[in-house]
Amino acid sequence: MPTENGATKVKDWRNYDRVLLPPIQDLHKLEVYENEYEGYEAIRSILGDSEQDPEAVTNEMKAANVRGRGGAGFNAGLKWSFMPEPDDRPRYLACNADESEPGTFKDRQLMEYNPHLLFEGILIANYAMQIDACYIYTRGEYVDWIMEMQRELDKLYDKGYLGENIFGSDFSTEIILHKGAGAYICGEETGMLESLEGKRGYPRTKPPFPAQNGLWGYPTTVNNVETLAHAVLVMRHGADWFSGIGAESHPGPTLYGISGHVERPGVYEYPTGMLITDLIDKVAGGVRGGKDLKAVVPGGASTPPLRADMIEGVTMDAESLTEAGSLMGTAGILVLDEDTDMVSWLRRVAHFFQHESCGQCTPCREGTGWIEQVLARMDEGKGRIRDLDLLLDLSNQIEGRALHRGRLHRRRRARPAGGSGGTGVSGRPIASFSRRMFSLLSAIRQTVMRKT
Amino acid sequence: MPEITVDGETITFENEEEPKLLQFCLDQGVELPHFCYHPALSIPANCRQCLVEVGTPARDRESGELERDEDGNVKINWMPELQTSCSISASDGMVVKTHRTSEKVRRGQKDNLEFLLANHPLDCPICDQAGHCPLQIQSYKYGPEGSRFEFRKIHKPKRVRLGPNVTLDAERCINCTRCTRFTEEISGSDQLTIIERGVRNYPLTAPGEEFDDPYSMNTIDICPVGALTSSDSRFQARAWEMSRTPSITTTNAKGSNCFYHVRDNLIMDVTPRPNDAVNKFWLADEDRLDYKRFNNDRPEGPQVRRKGTLQSASWEEVHEAAADLVREAGEKVLFLGSARATVEDNYLLKRLADAVDADAPRFIPHTEPGHGDGWLRTDDRTPNRQGVERLGFRPVDEKMLRSQLDAGEYAAIYVLEDDPVASGLFEAEDLKDVPIALHHYNTTNETLPVANAALPAATVVETVGTYVSEDGHAQRVRPAKEIKGTSRILTQAMGAARQDTHGTPFDKWHNDQNRVDCRPGWVSLPAVAEALDRDLSHEGPKQVMGEVAGNVDAFDGATYDAMGLAGVRLEAESDRATAA
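As you go down the protein sequences, you meet chains A and B in turn. For the first sequence, the residue numbers in the numbering used here are 76 to 527. For the second sequence, the residue numbers in the numbering used here are 2 to 581.
It should be emphasised that the hints constitute simulated quantities derived from the structure, not laboratory data. Any given hint could turn out to be false.
[As the list claims (entries may be wrong)] In silico lysine-lysine, BS3-like type, Cα no more than 27 Å apart, as pairs: (1) B:K111 / B:K21; (2) B:K111 / A:K281; (3) B:K21 / A:K281.
[To be verified] For each label pair, taking beta carbons as the anchor points, the in silico distance ranges come out as: (4) B:S90 / A:G388: 43 to 49 Å; (5) A:E130 / B:P208: 46 to 52 Å; (6) B:E17 / A:P165: 31 to 37 Å; (7) B:G425 / A:Y293: 54 to 60 Å; (8) B:N74 / A:G292: 41 to 47 Å; (9) B:E71 / A:D468: 34 to 40 Å; (10) A:E160 / B:E18: 24 to 30 Å.
All residues carry an ideal CB built from backbone N, CA and C; glycine is no exception.
Based on the sequences and whatever the hints tell you, model everything.
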């Protein structure tokens with residue numbers, strides 16, 4: 076049952092009413108979005124209300140404690156407040172829609188079924204930070220939805236919701252849809268900025284951070300699709316409503332992308348803080364074929380996996396998962412059943428990172444390929460016991476020494492909720508390699524013993 | 002003054018602009034291994050080799066006071082991970098541990114080299130970079146003893162013609178991006194980029210494009226491995242077989258500093274020598290491709306015209322012949338100095354002209370409008386025009402000179418190290434009846450067929466002397482290769498110049514091969530004067546230049562000792578005029 080202010084507590088998840096992806100036919104169309112979803116009311120009231128100056132919007136967002144849904148989980152309102160004071164330079168918002176982490180496919184649902192929620196969220200963010208233009212950097216493979224979104228964006232320009240003096244106010248802003256060319260690294264926020272500038276998607280060294288030196292050297296904020304969509308909900312229902320949903324320290328509705336060995340894989344909208352066991356057994360219909368669970372990767376392929384015996388009582392929020400030894404990431408839950416060959420699975424993951432390593436810095440460029448080859452040898456039954464030590468060694472040689480990883484790693488320690496707003500990409504793949512090695516070591520060891 | 006502690010040693014520094022830690026350590030003589038960092042380029046921090054441990058003093062958040070432990074020592078906050086020193090600014094109170102004191106750093110550097118070498122081919126026995134390869138050297142010093150990489154290495158193209166002058170061996174590339182950054186940030190041609198991803202990537206041009214940047218070959222020098230090689234000199238000589246002599250290039254009037262690499266008295270390669278006042282770290286391609294004229298088409302000793310044909314002669318005979326020619330013409334000798342010859346030789350020519358009461362020497366300018374680019378290439382294609390102008394020589398007036406010649410005003414021409422016919426000053430026909438004494442470098446000299454006394458001259462790589470660049474920078478050249486005959490001055494100068502990593506004055510490959518029978522102007526000009534009973538004797542070019550610096554205001558301060566390796570910036574002519 077909804078509580079007094081209408082928010083759903085986690086234990087009532089069965090009664091949760093979907094707000095990000097409500098069951099409304101053709102919601103992706105502007106007419107439907109406006110008529111059946113109170114669409115563009117939030118931004119209209121902000122622009123029409125003299126009380127709601129940009130700072131008030133940012134403060135509301137900050138108070139709602141919307142933690143970035145791109146993986147790093149940093150307070151989005153706080154991030155908005157890092158933008159320098161407006162001056163005569165252009166200011167940009169870059170929406171990270173380059174969803175390319177294996178096991179992550181939630182943003183796609185938003186862009187397919189409720190793109191106007193994203194657009195309205197961008198308008199709110201643009202107003203709050205006084206941004207001139209927002210670039211939506213979309214994963215190039217989402218070509219159908221990109222075309223659909225462009226059609227809807229054209230409608231917004233025609234109706235005066237975008238461009239000069241939107242909704243008849245004195246605020247002008249733009250949204251530009253950009254299609255990526257299929258590189259995982261371009262989902263890392265600075266790699267994405269480089270790519271938007273027409274350059275090779277090599278991540279930049281930080282600092283300076285994008286807020287100081289972003290797109291073409293101008294102040295830029297990078298936010299994930301889902302994060303921006305939440306801005307609409309916050310402004311529509313208020314910060315209290317939002318922060319009352321789900322886990323206390325990591326509130327709000329969220330999209331769980333559940334994949335792997337479950338009966339009903341898919342994207343499910345529920346409050347944060349759900350029990351992982353509930354999500355697997357009750358939401359997704361349990362492990363496929365009634366088998367036992369072996370492991371869960373809770374937040375996309377770059378978050379450390381948890382063994383079946385490690386997930387008892389663990390909930391889907393940053394605190395609980397960190398305690399369990401993993402990360403919230405993008406809430407893309409990958410379920411592995413008891414028959415999974417962990418070496419084989421790890422080899423596949425390693426192949427992905429090897430293939431997607433941008434090659435800018437040495438440890439990741441050389442290390443990921445090497446790790447894959449060791450795993451391939453093990454997977455083919457030719458492994459040696461010393462390969463296990465080698466894998467651990469290589470993982471440690473990469474962790475903390477690569478270019479953008481090392482920095483993020485440091486930042487994470489200094490500030491547990493450190494944010495960077497990538498689609499799960501930021502910072503994780505390599506840093507967590509090592510941890511994955513640890514948590515999978517026993518599984519690997521068993522496999523090796525069996526095979527040799 | 003801010004101070005920083007490196008391996009327990011406290012060093013103070015000026016805090017005008019916070020230096021990067023790596024550069025700071027290098028300046029202090031602390032070697033830190035690195036590949037991608039280059040002082041003239043941006044800092045991508047991508048090779049991850051220059052790792053150090055860094056700590057900063059702990060400060061109380063509220064008071065800003067330094068925190069101290071019980072013993073009163075400042076507490077240090079160590080960064081949890083190793084840091085790349087290239088990208089960190091040295092700040093006051095910083096404490097740094099390098100591989101000299103930290104096992105963690107040693108381990109980090111070793112691990113990184115293991116990665117770098119994992120897919121690096123074992124080409125060292127056939128690689129041009131071997132012997133002066135940062136990867137090779139640093140692997141020996143800081144790398145692992147063996148490799149744990151037991152798999153097939155990545156294979157990439159071995160011979161990619163990037164452009165007319167640069168050939169890429171993609172397998173050797175360690176992806177430091179120095180080359181792409183050079184084309185982006187220094188030469189501005191943006192012709193190179195990294196293609197592919199991860200371990201498969203290497204630098205390449207856009208499809209259908211050529212790497213024809215006039216400065217393309219600098220990428221070869223800054224390449225820390227043997228990936229980018231000179232199409233011209235690859236596989237010609239090993240680094241340790243060559244002696245390296247600091248000198249300057251003479252293709253244009255910039256006076257870019259360079260090293261001449263020599264084996265068996267043949268120039269094998271030309272590479273830039275850093276000089277902040279002239280060419281920084283760089284060299285134009287034309288400068289380094291221009292060396293073949295030092296090796297090929299060189300004259301086989303002096304020649305004298307007898308019965309209408311040029312015949313070999315002894316040096317005494319040719320000096321005598323040149324003296325005869327001057328003596329017979331009396332004061333009606335046209336002396337042509339040269340913007341290609343050294344200041345010393347031109348000065349001696351001027352004194353010879355004075356001694357026989359002839360007109361002051363003039364010189365032939367060689368300019369090519371539009372060739373210059375405001376950087377290291379100039380319109381002027383000679384190395385020493387400033388030098389001869391500062392000696393008071395005027396450029397020749399073609400029309401006037403021809404009419405003077407037709408009117409019989411000149412009974413002989415004395416040419417120092419130039420080619421009046423090839424430069425279009427005269428037709429060979431016009432000179433049939435005028436006796437010519439010619440100091441020449443190459444047998445391709447078009448004035449040679451009409452010369453009466455031909456005196457082979459030592460080129461810039463065989464002599465000692467001074468050139469003055471377009472910007473008024475006076476610089477010494479040193480002999481890189483030996484000539485026939487013995488000269489104590491040349492041998493000494495060569496010995497002093499070759500104290501470098503690749504050889505000593507007593508290298509075993511100092512031999513008689515490929516020695517050219519030629520003489521510097523400061524040897525042959527006094528000999529000609531002596532045959533004329535005039536005295537031009539001197540104690541060597543050093544003394545000649547000292548005399549020039551003392552007697553000619555425009556060369557004030559340009560002594561050998563002052564010039565050293567970096568040269569001396571002379572006062573501009575215009576400044577002197579206003580001062581006077």
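So, going through the hints one by one against the coordinates:
no., hint, result
1, B:K111 / B:K21, "22 Å, holds"
2, B:K111 / A:K281, "25 Å, holds"
3, B:K21 / A:K281, "15 Å, holds"
4, B:S90 / A:G388: 43 to 49 Å, "46 Å, holds"
5, A:E130 / B:P208: 46 to 52 Å, "50 Å, holds"
6, B:E17 / A:P165: 31 to 37 Å, "32 Å, holds"
7, B:G425 / A:Y293: 54 to 60 Å, "56 Å, holds"
8, B:N74 / A:G292: 41 to 47 Å, "42 Å, holds"
9, B:E71 / A:D468: 34 to 40 Å, "38 Å, holds"
10, A:E160 / B:E18: 24 to 30 Å, "27 Å, holds"
In this structure, none of the earlier numbered hints is contradicted; all agree with it.
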